[in-house]
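> All chains should be modelled from the sequences, with the hints used to inform the complete structure.
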Amino acid sequence: MSEHHYTNLQIAALFKKMAAAYQILNENRFKIIAYERAADSIEHLTSEVKDLWDDKKLKDIPGVGDQIIAHLDELFRTGKNKHFDATMAKVPQGVFPLLNVPGIGPKRAYKLVTELKLHNEKSVVDDLQKAAKKGKIAPMEGFGEKSEEDILKNIEIYKKGSIKENRITLAEADMIAAEILSFMKKHASINQIDALGSLRRRVATIGDIDISILSDKPKSAIEHFCSYPNQKIIEKGPTGASILLHNGRQVDLRVQEKKSYGAMLQYFTGSKNHNIQLRTYALSKGYSLSEYGIKKTKSDGKVMLFDNEKDFYNYLGMQWIPPELREDRGEIAAALQNKLPALVEEHDIKGDFHIHTSFNLEPSHDLGADSIEDILDTASLLNYQYIGVSDHNPSVSQHTEAKIIDIMKRRKEFYLTHTDKWNEKHHRNIHVFVMLEVDIDPEGHLSLPEKAFDSVDAVIASIHSSFQQDRASMTSRLIRALSDNQKVKIIGHPTGRLLGKREGYEVDWMKIFEECKKRDVALEINSSPYRLDLPDSLVFDAIKHGVRFVVNSDAHAKGEMMLMPYGVTVARRGWSQKRDIYNTSSYNEIIKWLT
DNA sequence: GCCGTTTTCGGCCCGACTGTTTTCAGTCG
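Numbered continuously in the numbering used here, the first sequence closes out at residue 688.
Fair warning: there could be bad hints in the mix.
Claimed, not checked - Now the in silico label distances, taken between C-beta atoms and shown as ranges:
1) K604 with G341: 37 to 43 Å
2) K594 with G639: 40 to 46 Å
3) T207 with K594: 37 to 43 Å
4) E438 with N516: 24 to 30 Å
5) K312 with H458: 53 to 59 Å
6) S313 with Q186: 46 to 52 Å
7) D144 with R612: 47 to 53 Å
8) E242 with G410: 48 to 54 Å
9) W686 with K604: 20 to 26 Å
10) L118 with G639: 45 to 51 Å
11) D144 with S558: 22 to 28 Å
12) G410 with N516: 50 to 56 Å
13) T139 with L192: 22 to 28 Å
These are computed hints drawn from the structure, not numbers from a lab.
No residue lacks a Cβ here, since even glycine has one placed at the ideal position from N, Cα and C.
Structural data, given as structure tokens:
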């Protein structure tokens with residue numbers, strides 16, 4: 094029996110196309126929603142649908158029921174699905190590329206494709222652009238001069254690279270938001286301003302930037318927002334506006350008075366799925382929620398107002414839910430039972446194990462930019478009790494074993510003497526663990542001679558090559574690395590993803606979690622905004638297996654040690670408590686585990 | 001087509017904005 098492979102993104106895209114096709118075919122709208130929901134949850138899944146199918150666990154995916162399971166089964170077994178094919182065949186293929194143009198949904202796409210006879214799937218966007226320029230859209234029923242202009246404008250935006258696919262890192266979004274916030278704060282009409290949406294939930298990558306304003310003079314606040322330099326106004330109304338920055342980033346603004354500001358914060362923070370679940374739960378209790386407040390469904394329509402979020406959640410009989418948890422991962426059920434985790438906080442972090450210095454041990458990767466003294470200065474500022482210097486291992490190809498062992502001995506001596514001097518000079522007692530970030534070779538062995546391990550306290554094992562191995566090979570490679578040497582205490586940036594550049598490798602994470610738990614090896618939560626690795630959804634899964642973590646900066650310069658808060662938010666998004674993170678322990682505790 | 005501390009049947013989040021309308025459909029978040 095042959096099997097066919099589909100990635101999660103392919104399946105999600107297929108389901109989205111099905112939802113669009115159903116919309117054009119005027120199918121039951123809840124069926125449409127069902128496919129959209131299934132697509133959404135598959136897109137955010139941490140395991141491969143194909144693997145769940147192998148394990149007969151498709152039922153575990155939220156929004157996937159008996160029907161969709163049967164369709165997926167046919168797809169994986171035969172490489173096609175008769176029902177999907179038959180449905181798609183009823184819809185002209187040209188509609189699908191058009192759905193990527195902002196403002197064009199299934200209905201309009203269908204109308205445009207059929208009436209303008211845009212049948213070439215590959216050139217349909219260009220063909221539509223030509224038709225619009227010739228004025229062929231304005232006369233169509235349901236369209237007009239303005240919609241023709243909008244379509245042209247939106248095709249331009251689409252061609253620049255759609256925002257949805259072109260997400261930026263959280264750190265970049267923080268900078269853009271900070272500029273807008275400081276611009277807005279200058280205006281007298283603004284009492285309070287907050288970045289909401291995925292920014293407030295601290296999601297690893299950001300599409301749009303959402304901002305809310307507390308103001309009694311919404312009109313003047315919105316005017317000021319629309320005067321932000323270098324932007325285009327997308328829409329503007331009495332309660333808010335949207336602008337497009339010159340860098341292609343969209344910023345959505347909503348304004349609210351104090352008496353409803355809590356409801357606004359709740360609504361505009363999302364996530365969409367969290368809000369849907371919360372509103373569904375509320376409905377079952379006889380309440381309807383909106384950004385204005387809460388009203389009883391069987392009443393005169395009077396809305397109860399909330400000026401803060403805590404009261405809003407409490408009114409529904411649940412704890413206030415921290416924004417990082419609002420992803421529809423069971424947070425509502427937990428909040429109802431008063432069982433939300435006490436999340437780890439920035440100030441709980443007592444040290445950082447993954448710092449590169451400028452000490453030259455001739456590695457095959459990069460050195461850090463700053464000296465051990467500079468690093469200690471920063472550690473002192475951060476109130477750390479301890480740090481780990483984890484430079485890359487000396488290049489194996491360019492040195493003999495004896496030479497490597499020698500470098501490693503000198504390095505240890507160097508760090509110890511320099512640390513002693515620094516501590517003496519500054520009347521401090523920061524402990525430096527002499528560690529090393531060691532490559533895991535393609536077979537799963539560590540790229541360091543056995544005897545060189547004598548010169549380190551502990552090791553971070555990381556993959557830096559051969560990313561393309563298949564799932565089984567990568568899994569056994571990591572498992573071998575975990576047991577290769579007793580001093581392996583941490584797996585560095587475990588999935589290897591680079592946000593916007595490279596997907597993580599394929600790994601059977603459940604097996605890795607079990608092995609980590611067994612060997613008391615921690616998974617790193619790497620705070621680099623380009624990594625944020627382990628990703629939050631896998632942190633969430635790992636905790637269920639009893640795995641613990643270290644949050645590290647992976648700093649290659651002293652300033653990067655300040656990025657630790659990004660890692661902490663990843664831990665929080667994965668429901669981590671203080672006890673789940675090793676480097677919240679004091680020095681006296683941590684040495685029991687690390688050495 | 002999914003789902004269940006109100007239901008295995010009968011529900012399914014809520015509102016803003018836009019353009020083309022004359023009360024609404026489509027799209028978005």
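> Against this structure, judge whether each hint is valid.
Consistency of the hints with the structure:
At roughly 41 Å, the beta carbons of K604 and G341 sit within the given window of 37 to 43 Å. The hint said 40 to 46 Å for the Cβ distance between K594 and G639, and at roughly 32 Å that hint is violated. The hinted range of 37 to 43 Å is satisfied by T207 and K594, whose Cβ atoms lie roughly 39 Å apart. In this structure the hint that E438 and N516 lie 24 to 30 Å apart at CB holds, the actual value being about 27 Å.
Judged by the Cβ atoms, the range 53 to 59 Å given for K312 and H458 holds: they are separated by roughly 56 Å. Between S313 and Q186 the C-beta distance comes to about 49 Å, which sits within the given range of 46 to 52 Å. At about 24 Å, the beta-carbon gap between D144 and R612 misses the expected band of 47 to 53 Å. Roughly 49 Å separates the CB atoms of E242 and G410, a value that falls within the hinted 48 to 54 Å.
Separation of W686 from K604 is about 22 Å and conforms to the stated range, judged on CB atoms against 20 to 26 Å. In this structure, L118 and G639 meet the distance hint of 45 to 51 Å, their C-beta atoms being roughly 48 Å apart. For the pair D144 and S558, the supplied restraint of 22 to 28 Å holds, since their beta-carbon distance comes to about 25 Å. For G410 and N516, the hinted distance range of 50 to 56 Å is satisfied, since their beta carbons lie about 53 Å from each other.
In this structure, T139 and L192 meet the distance hint of 22 to 28 Å, their C-beta atoms being roughly 27 Å apart.
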